[in-house]
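Peer 1: Both chains are given apart, each in its own frame, so use the hints to dock them into the complex.
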Amino acid sequence: MVELIVFFGLLVIGYVSGQRRETAHYKRIHEEEAFFADKPAVSAKFSSELDNRDILDAQLAVGSVVVSVDYFKRFIAGIRMLVGGEMKAYASLIDRARREAIIRMKESNPNADIYLNLRLMTSSISSGNANNSLGTVEVVAFATAVRFAPEHDGDDDLYSGEEPPLSS
Amino acid sequence: MILTNIESVTGRVIVEHYGLVQGSTIRAKHIGRDFMAGLKNLVGGELRGYTELLIESREQALTRMSAQAQELGANAIVNVRIATSSVTAGASEILCYGTAVRVE
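Residue numbers (the numbering used here), protein chains in the order written: chain A, 1 to 168; chain B, 1 to 104.
Okay, chain B solo, but in the shape it has when bound (with noise of 0.2 angstroms):
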């Protein structure tokens, strides 16, 4: 599965196309995490618990997307766009979505 953020897959030409893409979920880190963070806020510096979420929340979500576009039988995602939020405290949610299409 190739997956660009831009209209086309460089260097390939679209044949056809399936539509909208996409894959979402919500993750949380277990709370000696969160207690950890709220340590390091104190000095400062990358958490690292929640970089791992975040990696871990993305690479579902973007599986997931690529399962669906898959089904419809597409090889490439183009346009694909991320877009993240805190729905709750502790918890990430990642959105994935794209144009799944067939490349030649």
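Chain A on its own, in the form it takes in the complex (with noise of 0.2 angstroms):
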């Protein structure tokens, strides 16, 4: 009985500072990614930005960040198991690591104007506990941060709106 009353009092607490804290991540992941937005990372290793400006660094960049899912997620992802299917409470987790270590690895060299070869990387820790390895991954992001030489005039036009954002 008393372990029946931690356990709903654990999903509770799971679900409720869960979804709060995810709202919250979620706010700062979109002002954060709009302080960014002018400056892109692409996976790709050129980019038509390149050829019209001079190249002042190249630097490599990284981001890294571990998050792990509630106790009211890791219960229903359990339950999902016996039935099978898409796993919606683990896809906000990867989709928030992921974008919170390309967030960082932009602020570990903000001055760069474009992130080339943006490769991304994924794997879980373990804590100790079998039960509590399931659920906590772990992201790297890195990238080459290429700075420009400051412009010339006339070339302002480059990042209004002309070209579709590169950004993945």
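By construction, these hints were calculated from the structure, which means they are not laboratory data.
Please note that a few of the clues may not be correct.
[As the list claims (entries may be wrong)] Pair by pair, the computed Cβ-Cβ distance ranges are: (1) A:12 to B:72: 57 to 63 angstroms; (2) B:13 to A:83: 54 to 60 angstroms; (3) A:4 to B:32: 26 to 32 angstroms; (4) A:13 to B:26: 33 to 39 angstroms; (5) A:52 to B:13: 17 to 23 angstroms; (6) B:70 to A:45: 24 to 30 angstroms; (7) B:85 to A:86: 25 to 31 angstroms; (8) A:111 to B:30: 34 to 40 angstroms; (9) A:52 to B:39: 52 to 58 angstroms; (10) B:32 to A:56: 41 to 47 angstroms; (11) B:52 to A:85: 34 to 40 angstroms.
[Stated by the list, open to error] Covered stretches of chain A (chain B as the covering partner; in silico rule of three or more C-beta atoms under 8 angstroms from a C-beta of chain B): (12) 47–55; (13) 75–85; (14) 105–119.
The beta carbon of each residue, even a glycine, is placed where N, CA and C say it ideally should be.
Peer 2: Now the structure itself:
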């Protein structure tokens, strides 16, 4: 009986705080992404933007994050395992982790104008307990941050919407 | 030391190749961190202790790789790749590798 109460208590705590944290995290991700909107991260090694610009320098930029899901979502995912199908509970976890890693990668080298050859790597970290290892992911994003030399006149409309955004 | 993960250093010319260089490390956090991460697992969200662990290990691996390249006389490493895996509970392994070159 006590176990049952503890279990439902954990479910409620997990649900309430998990939802709140996720909403707050998404809000921050949207703000940061808007902030870096004019500095695309592309998975290509070359970009048409490089052709008509002088390059100042190129450096490796890396960003990483470890995120876990809450107790409630882990429970829902456990049920989903029985019946099969898409595990939506984990989808937002992975999405948040990847976007956060890309943002941190950009923050590590904020002066760059474009991030080439973006690579994303995901792996799960275990924290000792077999049950806990499920639902904790670690994402590393790395790219080559390229800085352009200061622009000469008349090229300003390069970013003003003529081209479709390159970021994925 | 210039690091990039494309085949060249944008805006520079590669004059010499020195071959593959690599650096790796396996690090763990103390048990208190593991315990806090276990608690954090309940409510979800970022596990800062482990993010820190990742950053530390990555920097160490990159430093080791750069040192190896420096010994060879290189001033840049191109095509850098980072690989990660967990070897045992609570520990993270990071491997960085790339091609040491000299650019002008």
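Peer 1: Counting residues of the stretch 105–119 of chain A with a beta carbon closer than 8 angstroms to any beta carbon of chain B, are there 3 or more?
Peer 2: Holds: 3 residues of the stretch 105–119 of chain A have a Cβ under 8 angstroms from chain B.
Peer 1: Quick check: the stretch 47–55 of chain A, covered by chain B? Criterion 3+ residues, Cβ under 8 angstroms.
Peer 2: holds (count 3)
Peer 1: Go ahead and decide if the range 52 to 58 angstroms is satisfied by the Cβ distance of residue 52 (chain A) to residue 39 (chain B).
Peer 2: holds (53 angstroms)
Peer 1: Should the hint that residue 32 (chain B) and residue 56 (chain A) are 41 to 47 angstroms apart at their CB atoms be regarded as holding?
Peer 2: holds (44 angstroms)
Peer 1: Between residue 13 (chain B) and residue 83 (chain A), is the Cβ distance one that fits in 54 to 60 angstroms?
Peer 2: Once the Cβ atoms are compared, 58 angstroms apart, the range 54 to 60 angstroms for residue 83 (chain A) and residue 13 (chain B) holds.
Peer 1: Indicate whether the distance between the beta carbons of residue 52 (chain B) and residue 85 (chain A) respects the range 34 to 40 angstroms.
Peer 2: Given range 34 to 40 angstroms: holds, Cβ gap about 36 angstroms.
Peer 1: Determine whether the Cβ-Cβ distance between residue 4 (chain A) and residue 32 (chain B) falls within the hinted range of 26 to 32 angstroms.
Peer 2: At roughly 30 angstroms between Cβ atoms, residue 32 (chain B) and residue 4 (chain A) fall inside 26 to 32 angstroms, so the hint holds.
Peer 1: Can the suggested window of 25 to 31 angstroms be confirmed for the beta-carbon pair residue 85 (chain B) and residue 86 (chain A)?
Peer 2: holds (26 angstroms)
Peer 1: Between residue 70 (chain B) and residue 45 (chain A), does the C-beta distance stay in 24 to 30 angstroms?
Peer 2: holds (26 angstroms)
Peer 1: Does the beta carbon distance between residue 111 (chain A) and residue 30 (chain B) stay inside 34 to 40 angstroms, or does it fall outside?
Peer 2: holds (36 angstroms)
Peer 1: Is 17 to 23 angstroms respected by the C-beta to C-beta distance linking residue 52 (chain A) and residue 13 (chain B)?
Peer 2: Given about 19 angstroms between the Cβ atoms, the range holds.
Peer 1: Count the residues of the stretch 75–85 of chain A whose CB lies closer than 8 angstroms to any CB of chain B, then report whether that count reaches three.
Peer 2: violated (count 0)
Hint 13 from the earlier list is the only one contradicted by this structure; the remaining hints agree with it.
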